[in-house]
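According to our numbering, the sequence shown holds residues 1 to 538 in order.
Honestly, the hints are just simulated from the structure, not real lab data. A couple of the hints might just be wrong.
[Claimed, not checked] Computed Cβ-Cβ distance ranges for the label pairs, DEER-style:
#  : residue 1 : residue 2 : range
1  : 459       : 40        : 27 to 35 angstroms
2  : 138       : 171       : 52 to 60 angstroms
3  : 484       : 135       : 41 to 49 angstroms
4  : 369       : 171       : 30 to 38 angstroms
5  : 484       : 184       : 51 to 59 angstroms
6  : 171       : 500       : 44 to 52 angstroms
7  : 528       : 127       : 42 to 50 angstroms
8  : 394       : 500       : 40 to 48 angstroms
9  : 466       : 277       : 25 to 33 angstroms
10 : 395       : 40        : 34 to 42 angstroms
11 : 54        : 317       : 17 to 25 angstroms
[Stated by the list, open to error] PhoX-like cross-link-like pairs, simulated, lysine-lysine; straight-line CA separation at most 20 angstroms:
#  : residue 1 : residue 2
12 : 389       : 344
13 : 372       : 361
14 : 288       : 372
15 : 517       : 288
16 : 361       : 344
17 : 372       : 362
Just so you know, even glycine gets a beta-carbon here, dropped at the ideal spot from N, CA and C.
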Amino acid sequence: MNADRYSMLTRLRLIGAMGLVVLLLGCGGGSDDPMATYRDQTVAWGACDTNRFDKESLAIDQELSSRVVCADIRAPIDYANPAQGEIKVAVMRVKGANGRNDNPAILFNPGGPGDDGWSFGLRAAALWGRSDTTEDPAVAHAYQELAATYDLVGFSPRGTGWSTTLTCPRSQAPFPVADPTRNLDPTNIENTLRNSQLIAQSCENNPLMPFINTDATARDMDLIRHLLHQDKLNYIGLSYGTWLGNWYASIFPERVGRMLLTGVTNFSVPLSHQNLIEDEVRQDVFDKVIIPYAANNSSSFGFDPAITIDSLRFLISHLSDDLHSALVNEFINTSLLSSASKIKDAVLTLRAVQVLDVAQKKKPTANESDLKEALVDTSNQIVHSIGQKLLDRHFRPETPDDAMYWSIVCNDIGTDYTPDTWVTESNENARKYPDFGGAVRENACLYWRKPTIPRPQQWRAAQTGPIVMIQSEKDPLTILPGAMNSLSLLPNASMVIIDDEITHAPVPPYGTTCVDKPIADYFLRGTPLPRMTHCPAR
């Protein structure tokens with residue numbers, strides 16, 4: 001071999017070796033990779049701390065204990081600067097009933113934003129493991145197969161639950177605000193804005209707050225996927241969890257496996273704007289579903305059998321501001337629950353408010369004891385319980401712990417509104433929708449001074465495999481027009497619309513073959529769904 005040829009071969013070998021080093025570093029395995037300490041961590045799976053369970057979850061854990069393990073993983077505070085510090089993310093894993101160690105996993109997020117999903121996989125395992133969850137036994141068996149062949153994983157999103165938590169203690173009590181749908185007095189509106197400002201100020205000095213956002217949570221999810229040794233992320237997201245799932249798909253389209261989004265947010269509209277858009281639908285559901293149902297089933301709920309739709313509307317329009325506000329807030333809170341009995345819950349709340357209204361009108365100076373006595377006279381224990389809860393909130397109001405909600409809502413994209421334009425539109429809604437217009441007036445994003453997170457490119461989410469959506473036609477929180485807009489952004493997605501259903505973000509099995517079978521087939525076999533399917537409500 002001559003010297004020139006030897007020299008050339010030597011150079012080629014050196015170049016090849018250098019290329020291999022570059023390739024290895026590009027794969028994230030090099031010592032200079034700032035994420036290596038997180039990706040290479042050993043996850044200490046073990047028995048779950050029973051002190052973390054609520055009563056219902058503890059009972060399920062005792063039933064499935066041999067399959068349930070927990071761990072706290074380390075994640076960077078700031079993914080753009082992993083060396084800045086770390087947080088804890090709490091994870092619960094329910095192993096598939098088949099006993100295998102190589103099952104695919106499904107990660108859950110229950111929404112919020114700010115809801116704790118740590119035990120959600122546990123609840124899904126219990127639900128899917130039953131044989132009576134839907135009308136067709138064969139479909140119920142398919143969900144049992146899902147619980148057997150998938151590991152079901154819940155986690156506390158950063159800032160919540162058993163993960164490193166975000167707290168934003170307020171420096172002073174909120175300013176008093178009367179019923180925001182009725183009281184458009186400038187002082188009342190100003191107090192709402194001042195409360196919005198207090199929320200923003202309470203969070204702005206917390207060093208964790210800028211890193212509580214959808215982008216960071218999506219990257220935590222990808223870290224969980226990696227530590228579970230999963231090539232793809234299978235995911236079920238509810239409500240805000242659909243926004244989170246879409247964000248993940250926009251960052252990591254090549255890592256999306258099966259993805260189900262239920263109660264779909266509008267991916268084109270900032271989270272901070274969506275409450276105003278929902279006012280119309282809430283009013284529509286209340287007028288066209290709740291009130292007629294109450295009138296047509298009056299005796300079942302303790303109303304006068306002769307009560308009519310018009311007399312119920314008269315009752316509502318003549319409630320005191322306090323009771324009207326309590327009714328509206330309870331309806332919105334109830335709407336957050338995925339409950340088959342939601343219509344009945346709303347009517348029972350209306351009945352409890354009627355009982356309190358009668359007592360209040362009979363004795364305008366009625367105190368808490370007087371109103372409790374009025375509740376005792378009702379024969380319906382649920383009405384009594386709801387009324388007691390309303391009284392507790394009225395006489396012992398608590399400052400809401402909404403730091404997580406506002407941090408995510410305001411850190412994600414932010415708002416285009418100014419205080420003036422927000423008030424103008426809220427007031428207009430209050431005039432058009434007398435019970436729900438402007439009900440959610442607080443908007444801390446109007447005063448948020450931290451930089452917001454830019455939205456990832458939406459077109460990337462359209463590069464994943466098939467995504468499936470479930471949408472209740474009359475969902476009062478994530479409304480159908482917004483969900484349809486999100487569907488239009490994802491040509492790779494299919495949607496199941498449940499006609500006439502008001503349940504927010506229904507979790508399968510819903511209870512009908514039309515809804516439940518295609519979802520089970522999608523997760524078990526990857527069977528694609530048609531672009532659009534309409535199913536009747538239960």
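Hints and how they fare:
1. Between residue 459 and residue 40 the beta carbons are some 33 angstroms apart, a value that agrees with the proposed interval 27 to 35 angstroms.
2. The given range of 52 to 60 angstroms is respected by residue 138 and residue 171, whose C-beta atoms sit roughly 59 angstroms from each other.
3. At roughly 27 angstroms, the beta-carbon separation of residue 484 and residue 135 lies outside the given 41 to 49 angstroms, and the hint is violated.
4. A C-beta distance of roughly 34 angstroms is found between residue 369 and residue 171, which places it inside the suggested range of 30 to 38 angstroms.
5. Checking the proposed 51 to 59 angstroms range against residue 484 and residue 184 shows it is violated: the Cβ atoms sit about 32 angstroms from each other.
6. For residue 171 and residue 500, the Cβ-Cβ distance of about 47 angstroms falls inside the hinted range of 44 to 52 angstroms, so the restraint holds.
7. Take residue 528 and residue 127: their Cβ atoms lie about 25 angstroms apart, and the range 42 to 50 angstroms is violated.
8. Roughly 34 angstroms separates the CB atoms of residue 394 and residue 500, a value that falls outside the hinted 40 to 48 angstroms.
9. At roughly 28 angstroms, the beta carbons of residue 466 and residue 277 sit within the given window of 25 to 33 angstroms.
10. Distance hint check for residue 395 and residue 40: the Cβ-Cβ separation is about 54 angstroms, which falls outside the suggested range of 34 to 42 angstroms.
11. Under the hint 17 to 25 angstroms, the C-beta atoms of residue 54 and residue 317, about 39 angstroms apart, miss the expected range.
12. A C-alpha spacing of about 17 angstroms is found between residue 389 and residue 344, which places the hinted pair at or below 20 angstroms, so the restraint holds.
13. For the hint pairing residue 372 with residue 361, the CA-to-CA distance comes to about 15 angstroms; that is within 20 angstroms, so the pair holds.
14. As the CA atoms of residue 288 and residue 372 are separated by approximately 31 angstroms, the hinted pair breaks the 20 angstroms bound.
15. At most 20 angstroms may separate the alpha-carbon atoms for a hinted pair to count; residue 517 and residue 288 exceed this at roughly 30 angstroms.
16. For the suggested pair residue 361 and residue 344, the alpha carbons sit about 26 angstroms apart, so the restraint of at most 20 angstroms is broken.
17. Taking the CA atoms of residue 372 and residue 362, the gap is near 14 angstroms; set against the 20 angstroms cutoff, the hint holds.
Checked against the numbered hints given earlier, this structure breaks hints 3, 5, 7, 8, 10, 11, 14, 15 and 16; the rest are met.
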